[in-house]
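Note that the working numbering gives residue 71 to position 71 of the sequence shown, counting from 1, and the numbers run on in steps of one.
Mixed in with the good hints, there may be bad ones.
Stated by the list, open to error - Within a straight-line C-alpha distance of at most 20 Å, the following computed SDA-like cross-link-like pairs (lysine to any residue) qualify:
1) K213 x Q202
2) K93 x S109
3) K93 x V70
4) K72 x T138
5) K213 x G85
6) K213 x L224
7) K148 x T138
8) K95 x E132
9) K72 x K95
10) K239 x T250
11) K93 x N147
12) K208 x R83
No wet-lab data here; the hints were simulated from the structure.
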Amino acid sequence: MAQPMPYAVEVDPESALQFTITRDPSPNAEGDHASRCVMTIRHPGLTKLHLAFKGIVAPGSTETVSILLVDKDRQVLWSTFDRLGQSALDHSKDKFLVQSCEVSDEFSSQFRSEPRGEGGQYKKELAEALTEMWNSVTSKANIPLYNKKLHVRHVAETGIAGGGIASAESATSAGGAAVGLTATLQEGVDKRGNTEKMSSEQLFEEVKSLRRKYDELVAFSVNLTAERDILNNTLEQTKRDLNREIATRTALEKQGLKVSRSQDSKSNKSEGGISMKTLIIAVVVSFIFALFSFFYERDHIGLGDQL
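Could you put together the complete structure from these sequences and hints?
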């Protein structure tokens, strides 16, 4: 393992914490149904004390921290394994973050001779002081903070008929303080059953079952694609019908407007023709009357001259 930087945290194993998942839970020492991971933190012997998992680790000393996986998450993980197999758990992206920092002698002195309660817990005042100290560390940029990420592995234990606590062990040597952030659990996918313990007949049946499920999945995908295409075609046809109806309605509205205007124009022209005809008749009558008057006067005037 590479030489650690000062006040950083070393973890053994370096890369992963492993939980063993069982089918049925068993109560732990506290009576809770929870999976447990044990992490050991050892101070390599530097000159100052450091904070570890919201606790203090003295130079050359060792601390053990329990990490619990609650039963609800265990049930989710086992259900995933039961349906899809171990490789679903192997693809988990869960991580565990270990943070460490240096603390002053003044701060660490109050923890040196202080007895701990059940489970290695500090009394309330010291626990609050630790929390306040970590809040100040994370909010200040000038305090060195060292991070190490551990992958989380979940291994299903199929050989246990029932009961048991999922557990993992990790030995950590610390040159600094460490705080563990709870790992989030993520459900994965995989095949069913533990193939390593199957006989050839069982493997054949498993492959046969997988092929049948694959064929069903392919058939379902084909049917789903066909239904999608039908829906798309129906939608396109509906759009075309709607556009056609809109165009027809618009054309009818325009045609109705033109007919209305044409009727109004014909009405106006009809009224104008009657007036013009009357005017022409009046002019002709006036002209005839004037012509008649002219000849009448001329005849009477000529007759008077003769007399």
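Quiz item: Are the Cα positions of K208 and R83 separated by 20 Å at most?
Solution: Answer holds: K208 to R83 is near 16 Å, not above 20 Å.
Quiz item: If you draw a straight line from the CA of K93 to the CA of S109, is it 20 Å or shorter?
Solution: Since the Cα atoms of K93 and S109 sit roughly 39 Å apart, the hinted pair is violated (cutoff 20 Å).
Self-check item: Proposed proximity, T250 with K239 (alpha carbon, max 20 Å)
Solution: Judged against 20 Å, a Cα distance of about 16 Å means the pair holds.
Quiz item: Do the alpha carbons of K93 and N147 lie within 20 Å of each other, as the hint requires?
Solution: 18 Å, holds
Practice problem: Measure nothing beyond the straight line between the CA atoms of K72 and K95; if it is 20 Å or shorter, mark the hint as holding. | Solution: Holds - the C-alpha atoms of K95 and K72 are around 18 Å apart, at most 20 Å.
Self-check item: Agreement of K95 and E132 with the hint, judged by alpha carbon distance not exceeding 20 Å
Solution: Not satisfied, since the Cα-Cα distance of roughly 25 Å exceeds 20 Å.
Self-check item: Hint consistency between K213 and G85 [alpha-carbon to alpha-carbon, up to 20 Å]
Solution: With Cα atoms ~15 Å apart, K213 and G85 stay inside 20 Å; holds.
Quiz item: Are the Cα atoms of K72 and T138 separated by 20 Å or less?
Solution: Distance ~31 Å between K72 and T138 Cα, so the pair is violated.
Quiz item: Is the straight-line distance between the alpha-carbon of K148 and that of T138 20 Å or less?
Solution: Answer holds: K148 to T138 is near 15 Å, not above 20 Å.
Quiz item: Under the criterion that the straight-line Cα-Cα distance not exceed 20 Å, is the pair K93, V70 satisfied?
Solution: Measuring from Cα to Cα gives roughly 18 Å; hence the hint holds.
Quiz item: Under the criterion that the straight-line Cα-Cα distance not exceed 20 Å, is the pair K213, Q202 satisfied?
Solution: 16 Å, holds
Exercise. Take a quick look at whether K213 and L224 sit within 20 Å of each other, Cα to Cα.
Key: It holds: about 16 Å lies between the C-alpha atoms, which stays within 20 Å.
The structure fails to meet hints 2, 4 and 8 from the earlier list, while all remaining hints are met.
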